[in-house]
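Whenever a hint applies, use it, and build me the whole structure from the sequences.
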Amino acid sequence: MQRPIRFSHSDPAGIVYFPVYFDMFNGAVEDWFTQGLDIDYASMILERRLGLPIVHAECDFLIPSRMGDTLTLGVLLERLGRSSLQLRINGEHEGQVRLSGSLTLVTTSLDDFAAVPIPDDIRAAMDRYRAGCEV
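Residues in the sequence shown are numbered consecutively from 270, following my numbering.
Because the hints were derived from the structure by calculation, they are not lab data.
A virtual CB, placed ideally from N, CA and C, is assigned to each residue, including glycine.
Don't take each hint at face value.
What the hints assert, rightly or not - Label-pair distances were calculated between CB atoms; the ranges are:
| # | residue 1 | residue 2 | range |
| --- | --- | --- | --- |
| 1 | R397 | N295 | 34 to 40 Å |
| 2 | L331 | P388 | 32 to 38 Å |
| 3 | L379 | R357 | 23 to 29 Å |
| 4 | A393 | L345 | 15 to 21 Å |
Structure below.
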């Protein structure tokens, strides 16, 4: 996914303010579902009442990004559990890794916020995606 770095992403030093990356990561997860897994993220939330909150996040900020840069965010499925998954999201610009984040997400019911098993159709889409990454 391509993410242009905008003026609003920058701090007074002219580089991306670090919390903005976590917002970009969240957007990358939504796009990954809709475009990478062919599962409409909005329908999953609004109709199926399945949530996917981030329960753990960490990031290594390797090289600053500035307004005018375009980051390519790539999503790698590192672990798939019963109700949780771990994603690696790398942000690259011109072949250089600028940042590398790890997110742990848990599938939850939006009715009671309890963890639920990853539904079979979503698990199958994730397995296909992961197999495609291993080629």
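Against the structure, the hints come out as follows:
For R397 paired with N295, a C-beta distance near 23 Å fails the hint of 34 to 40 Å. Here the CB-CB span from L331 to P388 is close to 35 Å, well matched to the stated 32 to 38 Å. Look at L379 against R357: about 26 Å separates their beta carbons, and that is inside 23 to 29 Å. For A393 paired with L345, a C-beta distance near 18 Å keeps the hint of 15 to 21 Å intact.
Comparing the model with each numbered hint stated earlier shows that hint 1 is the single one that does not hold.
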